[in-house]
Amino acid sequence: MSVQKPSIPQGTRDFGPAVVARRTYIFGVIRRVFEKFGYAPLETPTLENLSVLTGKYGEEGDQLLFKVLNSGNFLKKQKGDVIKEQVTADDLLAGAKAVLPKIAEKGLRYDLTVPFARYVVMNRGTLVFPFKRYQIQPVWRADRPQRGRYREFYQCDADVVGTDSLLCEAEIVLMMSEVLTSLGLTDHTIKINHRRVLGAFYQALGGEGTEVDLFTAIDKLDKIGREGVGKELAERGFSAEATEKLFDLLGVAGSFDEKLDRLLAAFVTAGVEPDGADGYQGLQDLRRVLEYLRGFGFEKWDNLEFDVTLARGLSYYTGCIFEIKINNVNMGSVSGGGRYDNLTGAFGLPGVSGVGFSFGVDRLYDCLEELSLFPEAVAATTRCLIANFDAESETAVLPVLRRLRAAGVATELYPESTKLAKQFKYADGKGIPYLLLQGSEERAAGQFKLKTLATGQEQTLTLDEVLTELAG
RNA sequence: GUAGAUAUAGCUCAGCUGGUUAGAGCGUCGGAUUGUGAUUCCGAAGGUCGUGGGUUCGAGCCCCAUUAUUUACCCCA
0 MSVQKPSIPQ GTRDFGPAVV ARRTYIFGVI RRVFEKFGYA PLETPTLENL
50 SVLTGKYGEE GDQLLFKVLN SGNFLKKQKG DVIKEQVTAD DLLAGAKAVL
100 PKIAEKGLRY DLTVPFARYV VMNRGTLVFP FKRYQIQPVW RADRPQRGRY
150 REFYQCDADV VGTDSLLCEA EIVLMMSEVL TSLGLTDHTI KINHRRVLGA
200 FYQALGGEGT EVDLFTAIDK LDKIGREGVG KELAERGFSA EATEKLFDLL
250 GVAGSFDEKL DRLLAAFVTA GVEPDGADGY QGLQDLRRVL EYLRGFGFEK
300 WDNLEFDVTL ARGLSYYTGC IFEIKINNVN MGSVSGGGRY DNLTGAFGLP
350 GVSGVGFSFG VDRLYDCLEE LSLFPEAVAA TTRCLIANFD AESETAVLPV
400 LRRLRAAGVA TELYPESTKL AKQFKYADGK GIPYLLLQGS EERAAGQFKL
450 KTLATGQEQT LTLDEVLTEL AG
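Each residue of the first sequence is one higher than the one before, counting from 0 in numbering that gives the first Met the number 0.
Be aware that a few hints might be false.
Derived EDC-like pairs (lysine to aspartate or glutamate); straight-line CA-CA distance at most 20 Å [stated by the list, open to error]: (1) K105 / D142; (2) K55 / E104; (3) K421 / E464.
What the hints contain is simulated information worked out from the structure, not anything from laboratory work.
Please construct the entire structure, taking both the sequences and the accompanying hints into account.
Below you can see the structure in the form of C-alpha cells.
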C-alpha cells in the first residue's frame with residue numbers, strides 16, 4: 000500500500016490545543032452574554048433534509064449548500080426481486096437539477112436561522128412564546144475560501160421569535176456591544192439600518208430599476224465609491240438624475256437623531272408614500288430603538304452608527320438590519336442580523352416575526368489574533384509538572400500528585416525517568432508555569448523544590464506550602 | 001463560477017541568464033552536563049524540488065497539462 004500524504008478538505012482547519020483554548024474563551028464570553036439576556040441554548044442536527052434548506056438562501060445559496068449523498072446504493076433500490084432504478088437515463092439527460100433530488104436528500108446546515116425556524120414550527124405546541132434561543136454550532140458553505148472565509152465555521156446566533164417588540168432590536172445592540180467590549184475589541188462600529196428606509200430610497204428615486212439592484216449597489220458604496228456605484232446603477236437602468244438624488248439621500252450626515260430627522264424631511268420632499276401608521280415605518284422603528292437604548296443608559300454611542308448604506312440579507316430581512324465592523328482590522332463583518340417578519344412562513348406557520356443576529360467566531364478569532372487581544376492566561380493548561388528522577392522518586396511522588404489534583408491544581412507527573420533537561424523542555428513547550436522537584440535529597444529532608452519557569456526562581460518548601468503556593 | 005499568485009527539509013524561506021554532490025534559520029535528536037528549561041558550544045538525522053509530460057548534452061529554474069494552497073471578484077460570518 001502506498002503511503003498517502005494526509006490532508007484535510009479545502010476551507011477546513013484543525014484546531015490545536017492552544018487554539019481550542021482561545022476559541023473556548025470566545026465562546027464563553029458570547030454564551031455568558033446571551034444567557035444574561037435570557038436566551039436559552041438550542042442545538043440542531045448537523046444534517047438537515049435538503050427540502051428544509053433549499054430555496055431559503057436564494058439561488059446562490061442553494062449552490063453553496065453541501066449535499067450529502069444517500070447512503071447505500073443510491074442508483075438502485077432492490078425490494079425482493081424487484082430492482083428499481085433511482086436515476087434513469089432521462090434524469091441524466093435532464094441534468095444535475097433532475098438527478099440531485101434522487102441521490103441526495105440530506106445536506107449540511109448552511110446557517111443556524113433556518114434550522115431554528117424549522118424547530119420552532121415543529122415544536123410550536125410546546126414552546127413558550129416569545130421564544131428566545133441561542134445556538135453555537137458549526138455551519139458549512141461550499142464557498143471559495145479566502146481571508147476570513149472558511150467552508151466550515153462557527154456561528155453564534157441569538158434570536159427571538161413571536162414578538163414585534165423593538166425592545167429586542169435594542170437588546171441586540173446591547174449584546175453586541177457587551178461581547179465586543181468584553182473581548183477587548185473596543186474599536187468597532189455597530190451599524191444599523193432598516194429595510195424600509197432602503198425601500199423609501201427606492202421610492203424616492205421614482206421606481207426605476209429594481210429594489211434589489213439598488214440595494215446591492217448602495218451596499219457597495221464604501222467599497223467602490225460613488226463612481227463605482229453610479230456606474231453599476233447606470234448599467235441596471237437607473238437614470239443619472241435618480242443616481243444624483245440617491246447620493247443626496249445617502250449623504251445625510253449628523254447624529255443618529257439628526258439623520259432620522261433629515262431623512263424624514265427628505266422623504267416628505269421626495270413625495271415618498273408613508274408606509275406606517277403615522278409616517279415612515281423604518282424611521283419610526285429606528286427612533287424607537289434609539290429611545291430604548293437611551294432608556295437602558297447605553298453609553299457607547301460612538302460605536303453605534305445609523306448607516307443608511309447598510310443593506311444585507313435582502314432575501315429575508317424585513318425590518319432593522321445590523322452589522323459589525325472591527326475598524327482596525329481588515330476583515331469582513333464579524334456579526335450580522337436583522338428582523339424577518341415571516342421567518343416560519345416557509346414551514347407553514349405564517350405571521351410569526353423574528354429578530355436575531357449572529358457572531359462569526361472564526362472572524363472574531365482572527366481579529367483578536369491580529370490585535371493580540373487574547374489574555375495570556377487563556378493558553379494555560381497544566382499548572383504544575385512533577386519531575387521524574389528515578390523509579391524510587393516516581394513512586395514516592397504519586398501521593399503528592401494525588402494531593403495536588405485533589406486541591407484542584409492541574410498537575411501531571413512526567414511519565415518517564417529521564418534527564419531533567421528533557422522534562423524542563425517539556426514543561427516549557429507546553430507552557431506549564433511550575434515544576435515541582437523531589438529527588439533523594441529533598442525526600443530525605445521531607446521537602447520539595449518548586450521552580451517557577453518564567454523567572455527561574457526556586458523555593459524549598461513543604462508539601463503544605465507548595466499547595467498554598469499553587470492553589471493561589 | 002471568473003481572474004491573479006504560490007508550491008524546495010517537520011516549519012519559515014533562499015537557490016544567480018538552465019551547469020558538477022540542494023542551502024540557511026528555526027525545530028527535532030545526540031553530546032558538552034548521571035539534579036535544572038528558555039540563553040551558550042559541538043555534532044547528527046531529515047529532500048523522487050506538488051504530480052505527469054515536454055524542450056535540452058544537462059531542468060529546482062524554461063514550456064504544457066494537472067492537483068493543491070492562497071488572494072481578489074460575486075456573495076457572505
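Results of checking the hints against the structure:
no. : hint        : verdict
1   : K105 / D142 : holds, 18 Å
2   : K55 / E104  : holds, 16 Å
3   : K421 / E464 : violated, 26 Å
Violation of the numbered hints given earlier is confined to hint 3; every other hint is satisfied by the structure.
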